[in-house]
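*Asks:* Below, each chain spelled out in residue letters.
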Amino acid sequence: MAHLKKLFGLTALGVLALAVLARSGVLASLFSANYLPHRYCYLAQPWLVWTNVASDSLIAISYVVIFSCLIWIARKLRDIPDIHAYLWIFFSFGLFIVACGATHLMEVVTVWWPIYPFSAAVKVVCMAASIPTALLFAKTTPALAKSIRRFLEMLVSTEHERDQALSALSESEALTAERQRSAEELAAVNEQLNSVLECTSDSVIKISHEWVLLYGNGKALAGLSDFRMGEDYWSCFPAVAGSSSEQHLRAAMDGHAETTWENYFEPYELWYRVRAFPTDDGLTIFLSNITEEKKIRDQLEVEQLLREKRIEALSHMAGGLAHEISNPLAIIHGRASDLMSRAGGEDQLSAHEVHKACENIVKTSDRAIRILRGLRGFAREAGKDPMELASVYEIAEQCIELQQARFAVQNVRVGIALESGIPHFLCREVQIGQIITNLLNNAFDSIVQSYSAERWVSLGAEYTNREIHIDVTDSGPGIEDHFKAHLMEPFFTTKELGLGMGVGLSLSRAIAQDHGGSLTLRPDTEHTCFRLIMPIKGSDVSNEEELSSIGVPYRPA
Amino acid sequence: MGCLIDLREATILLVDDEPDLREIFGFWLSSICGTLYKASNGEEALAVLKTTPIDLLVTDVRMPVMDGIALVRRLTELVKPIPSIVFVSGFGDVDQREMYSLGVEAFLAKPLNREDFIDVLKKAVAERSALWLDPVAATSRQSLILHAEGIGGTAGAKSIRLGRGGFSGHTEESLILGKVSFHCHFVSGQSEMSGQGFVRWYSRADQAVGIEFAFLDPTCRSWVLKEIAAANPRSFIPSC
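Note that the protein sequences, when read in sequence, are chains A and B.
Taking numbering that gives the first Met the number 0, the leading residue of the first sequence gets 0, the next gets one more, and so forth.
Taking numbering that gives the first Met the number 0, the leading residue of the second sequence gets 0, the next gets one more, and so forth.
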């Protein structure tokens, strides 16, 4: 296009030059009768001369332009190998055109300058160029036509292919868009999933079949400080190896079975509920921190055990109590009914007889009341009682009262050795009573089971160094050395089947510790002796007048 | 076994560890019985039983040194003839099936009425022929029909066993303790045994029941009394 513009520019310049010449008067002189050097050209008619001259000139110029164009095209196309075979057409045609242009130029020249031999020579040259060109062109035309046809066909098919390629491209663009949308959706779902995994209070980790840590949610990364993504599970958590958790994990991994267990993880001092789910690529593990829950559960269990222990002790005593209460009632009933029948009969009752019977009734009623008072405290949940000042004498008396019948039936003597002047102390009275009752029960069982000849239990108390020491000693055969270490463990018992659950001592000790005290087996005594120590805090000690001493020193025979 | 008509002729041993109760029961008994001995526990009671013929033993169950249950168990080894036995208990922690089979006739619960006490003791020493004459006034709530092969241990598992005061047998029916009307059909014999009584123990585990007689139908009365007299069983109600 740029070259065409140049061409038009040149043509315009030429026309402009002619216009300048016309205005200068030169052209006017040309149209006079005297301009021709020889008067025979074109009948000496100026319009004929100028029409020929102008036409020939313009033809010559056009031919030069066409030649230039052909040469220009040939230069441009010479790089294309397929065109090589036809480049000669451009050159020979170009030569022919230039030669033709030269002959037309000579037509103009010869109007004024009659060099006809040169003009003829030019025509010969033109002829020499045109004849081979015509021949060759004629010879090549069929092939050329075929080539052009093939070229055009190729062009069409190429265009078709291009169209196809374009439509394929647009399709692939749609596909790409689709893929991108899918990826976005996937990312959104992933994000949701992540937010679910992140908002759970569980630590979630994923382990490959080769025990490599593949994933951990935020909780896992924050909570399990040894968690390192991409590393071996066992090197991150060496404490798990060899524990029961390892067995569970391997069972889940190898057995492809969902497994749940609870585990105390010592390095973190936490209880976990672990759920392991086998997946195609390994294990997904949910760790719930159940330390708090476990604490509450343990506490509930202890409370439950306390309750069962109390029921057990109650049933132990129920028989003795029923006996103890039915006997006084039988006495009262008998005395009263005798009084009634004799008063209604002919007998004369003396005042002394009535007094004696009534005195017996009152005395016996008191006995029943004392027993009931002891029972009242025992049958109650005491763990939530407020701490109150209590007297060790009163507690001891109630415990002994409660047990006396049982002990008497088995000929077990009860000795009481309470030092005088023991101050009141802050405690849950019922619970301390339960400890002492439990110790008395154990002492009793030990004697009865062993059929000991010597049959006594002693309950002693003393006050020393701001501590109250309450000792329960028995004449039983003693505790074998290898049992001593386990005595305070829950469910450990030396009693015969059905006699004890093995929780009494462990619970008693828990209660003692809850009071800031302790319960131990004394190591240095001849007979089995358990010592309950209750500390006295400054504010516990009430004034001396309140202190009572009902203790009678007792020394077993 | 004492076969007396009246308490006035009976020798009674009273055992209780409670002095006041020994005094009260002793006072009640002294005016109506022949001879009265007292003991404060099983061991003392055994010493008396070994040397003195006793018609009726009235004993507490829970006592120091030797309780009533141990006393009854030892008694069957050491003493003959065995007296009638009445338990006076404050608490029902006694295997009644075993105690009835060892010869205990009645369980009295403290506290108790003088009249009830005397009634039970009278029945315990009475001739069998004086007993079970009158139907129990109130209608029985439950009735039991037994199909037994015979009487006594030899007739197989489906037999009934007679004691001095009742019988035991097997039944698939569920029973509750208390009044009962019973009808026993015997496969082997011609006679039937029917009357009223009290279910004294019932075991679902081995489908066994122990029934104390309260009334025997006149149609069976004479042969049942004859059977009891001939066998002279130690058990009040045998255990199956």
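Please note that a few of the clues may not be correct.
Stated by the list, open to error - Mimicking DSS-like on lysine-lysine, the simulated pairs with C-alpha atoms at most 30 Å apart in a straight line are: (1) A:Lys355 <-> B:Lys37; (2) A:Lys293 <-> A:Lys308; (3) A:Lys362 <-> B:Lys79; (4) A:Lys483 <-> A:Lys308; (5) A:Lys294 <-> A:Lys218; (6) B:Lys37 <-> B:Lys121.
To be verified - Beyond 10 Å from chain B on every Cβ pair, some chain A residues (computed): (7) Ala173; (8) Lys308; (9) Leu348; (10) Val408; (11) Asp513; (12) Cys528; (13) Arg530.
FYI, nobody ran anything at the bench for these hints, they're computed from the structure.
Ideal Cβ positions, reconstructed from N, Cα and C, are used throughout, including at glycine.
*Asks:* Check each numbered hint against the structure and report the violated ones by number, ascending.
*Replies:* 3 and 10
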